[in-house]
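Enquirer: Residues per chain are reported as follows:
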Amino acid sequence: MGTAKFWAASFVIAAAVLILTRALIANEYFFFAGYVVLQYIVLATAWNILGGYTGYTNFGVGAFFAVGAYSSVVLHKLTSLPVPVMILVGGVISGILGFGMGYLTLRLKGVFFAIATLALAIVAQTLIVNWDYVGGSRGIYVIRPQQAPLYGSYIQYLYSLMLILAWVSVVIARTIERSRLGLGFNAIRDDEAAAEAGGVPTLRLKLISTSLSGALMGMSGAPLPYYVTYLDPASSFNLSYAVNSVAMPLIGGMTSWAGPVIGAVLLGTIQQLATVTISSALNLLIVGLLLILFVIIAPNGIVGLVQARLRARLR
Amino acid sequence: MPRLLEVGGLGKRFGGFVALEGIDLAVDARERLGLIGPNGSGKSTLVNCLCGALHHDSGTITFDGRTIDGLPAYQRTRLGLARSFQLPKPFRSLNLIDNLRIPLLYTVNARPGPRLSDGAIGERSMALLDDVGLADKGARLPRDLTQVEMRKLELARAVASAPRLLFADETMAGLSPSEVEEILAVLVRLNEQGITIVLIEHIMRAVMSFSTRLIVLVAGQKIADGAPTAAIRNPEVERAYLGE
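Residue numbers (the working numbering), protein chains in the order written: chain A, 108 to 422; chain B, 858 to 1101.
Chain B with its partners taken away, still in its complex shape (with noise of 0.2 Å):
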């Protein structure tokens, strides 16, 4: 069987520095995948080039049997990868519903098939809400949200594209434990029903609890790949992390 995502050799500089170096790696439809690495260890930079935002130096990227290389980041959400931002990016000026609107109206409804009424839409914008919990803020502009519910936007966003696949950059960052279990409930219960996803994330008890298998980036290299717990007591892992 293909995998969903491949990548093979995968390279990115900026200037003289290298930020990725040959990283080769795939993920299986409706995996859950953890991808770890200290700061600055190209974990972003990997998203960036994945989804289209940066465009990357060398090596092939083949989502679904399809070369994406030189694919913009629009019409790689519309083939069904999605991303959430590390820093919350809403659309400042518009509610909570069209802030969902947006992705619904230019890529759900931008793919082959039938089209969603404006009814349908909104519907289907007051359902993501409410599985994110936000039911109620739908005709609330982002300003007015806390920092968790920012986050919850971002993921809602994110599903509003209907994707195969969904890399969720440091959603839990900077939250409370209480609030990281409910971020996680959201993940597992879109994982059950069938979107793959690639956690980024510093917060280790949720990325073991999470992940059937994990990868480990440091300078710009994948150094591990394999199940969490093994992952995590390879000796070039503990090396990176505590040092010698």
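Same shape as in the complex, but just chain A (with noise of 0.2 Å):
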């Protein structure tokens, strides 16, 4: 499928979704819920970015997310911008973060590289927790305008957001696959020194892979503050946003946009489901086990196990 047609197929998949979740479904749980799952393919889709195409693993996505979700707490108090404008600057802050963090970060590879965005993480929470305009430690409460623009439900109108949000990290991550800028990432995760040999500006490349996988979680943490309505610095930075999200494209699969689509919804609900039916503290066992599961089983995640199903087939 080319890319304009991919473009327009799924376009109408996001719409559809859109239009008969609202037609159909009265619970207001529905839209909370799915929320969250939304939120996850858009942090896996941008994890895979850096961590599947190009082969850095970042572990700092905690960081990113909640840049993005004190950044609109910033300008929830200074201005009264509409949230879609919100996403956007906290998308630039992040992106602009994740330059930085490539900039400084670009000579370590592997492990060190992990450990660097851990780092960076934690730098980034100490500076939250210290500045007590955005709350500090004690973290700040974000009061949602009473009525949604063009909606009833603010809900809703968060979800519809966070679905078209989806839909464009989806079709960024597909169109950077099918590029010649997702070939130089694949060249610079197979084998950094034969790229540059073969003419790839690997450091440009990794820029531009940092700063957009950056930008993206910060775009789908900017939202937050009017979800939950109380943002503190120890849930917003959270260790299990980057290990779901590290977790969603292992499971789905790594080499294409679908792994963390798929990953981030069958990952997302479980724990959803799990959160209501017995405990949200079962989240990240859940997660432990399935990747365990998954490691063995299948290695190179859901897209993989089913690419090889075909290829057997084929011959």
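In short, the hints are calculated from the structure, not lab data.
Worth double-checking, as some hints may not be accurate.
Said to hold, decoys possible - Heads up, simulated SDA-like pairs for lysine to any residue below, C-alpha to C-alpha not over 25 Å straight-line:
#: 1; chain 1: B; residue 1: Lys946; chain 2: B; residue 2: Ile1080
#: 2; chain 1: A; residue 1: Lys216; chain 2: B; residue 2: Ala910
#: 3; chain 1: A; residue 1: Lys216; chain 2: B; residue 2: Val1064
#: 4; chain 1: B; residue 1: Lys994; chain 2: A; residue 2: Leu215
#: 5; chain 1: B; residue 1: Lys994; chain 2: A; residue 2: Lys216
#: 6; chain 1: A; residue 1: Lys112; chain 2: B; residue 2: Ala977
#: 7; chain 1: B; residue 1: Lys946; chain 2: A; residue 2: Lys112
#: 8; chain 1: A; residue 1: Lys216; chain 2: B; residue 2: Ala977
#: 9; chain 1: A; residue 1: Lys112; chain 2: B; residue 2: Ile978
#: 10; chain 1: B; residue 1: Lys994; chain 2: A; residue 2: Leu314
#: 11; chain 1: B; residue 1: Lys946; chain 2: A; residue 2: Leu417
Take each chain as given, in its own frame, and dock them per the hints.
Expert: Here is the structure:
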């Protein structure tokens, strides 16, 4: 399928999901839970641009996500901008953070890069904890506007925004995958020295990858203050965002855009169901068990499993 | 006429270890130059410094009349300096066609002049694979290849960037005599197409039959430079290889 066709087809699917869920589902809780699953589609897809395509494992997801959220807190206190504008601003700020992280860690590879990103998350959290204007360690209440623009329910409004964001990130990932840029990312992942010898400007491409990945993570975090209405550093910088964003592409498959989407829908939905039926403390246990299971039976994720089956059938 | 590549006083240290010291050399366009030396004499370090994978500490490198000292590796490739790696470094997750598309997209299409279309890139990569006898494996992954095929892929990928000067770094190590002949034939053909080749090799039979000139490195210094037969009779070279 061509890139233009994919844009059109995925737009139709996203629009259909939006219209059907809003027309058929009356229970507000669905939108509350759906928002989280969609948010994980954005996070996992963003993580995969750097982690899957370019081969750099980022454990600092929480930092990018929370920086997006806290940029909205600042904007909320200073202005009365609409949420979509805040999403864009959060994306720009997290994108700059991604660029900075890429620039500072460009000599690090593998585990060392991963540790540096983890350190970045801790540094960012320390800064926010000590910044009184955004609530410091106490956290901050963010009062939602009474009326959502366009529709009545605010949570449905946020759900719709997140659905659009998920669509945008998926088409960006798919477009990169089939482009010259995506091939360059793959070359860096496979062998950086050989990529450079083949004419790939590895530094520039890595910076594009870290900036883009960071920007999408920030965008997914920007509506968070309005979703939770009370934001504090401990929950917005939570390590579970990083763990989930890594686990979802691993379970779904890291080589294609479909992997993070499948992983996010599967894992996100199971976690939401477990939260309602059993307990929210069970979430990370589920992630851990699924990860072990997939490392054993499908190291290339669900997408890899399906591809291997198809190839076997063709032979 | 200016030389294609000129190196003056090149030096490289790793901490206290002097890997290269005061290397002067020049390569003419369309030449077939052999570069030999015992293990650890600095051959690969020299190639790494010339291609930009390492930065040299002293001296200057001039390629095609242009000083390229501070340029990153990818820009040197775009200027026409290509290399194959001693240990093949294929892009493991990409099939053979895509392995060759990388230099075509990022080097050939990054140069001034007309760009290749997607179709032309596909045809060019098939033609390159055909040149080294891998035409029927275009859709395969590098892990399906044998050692000699891997070396050929490595060469094809270097050639895909349409270089003016190619460093072939031990492309024949560990291959059987008939496989050595195969690779030599590919290199000779490339040279006839106008590519200058610097062959770094331990297999003396191959070096002697291929090179029109020989440079010998020992312990980071150039000790001989001239006609192959004269260079290997040089007493210093004999001492380095055979001892007193």
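Enquirer: Just pull the numbers of the violated hints for me, sorted ascending.
Expert: 1, 3, 4, 5, 7, 8, 10 and 11
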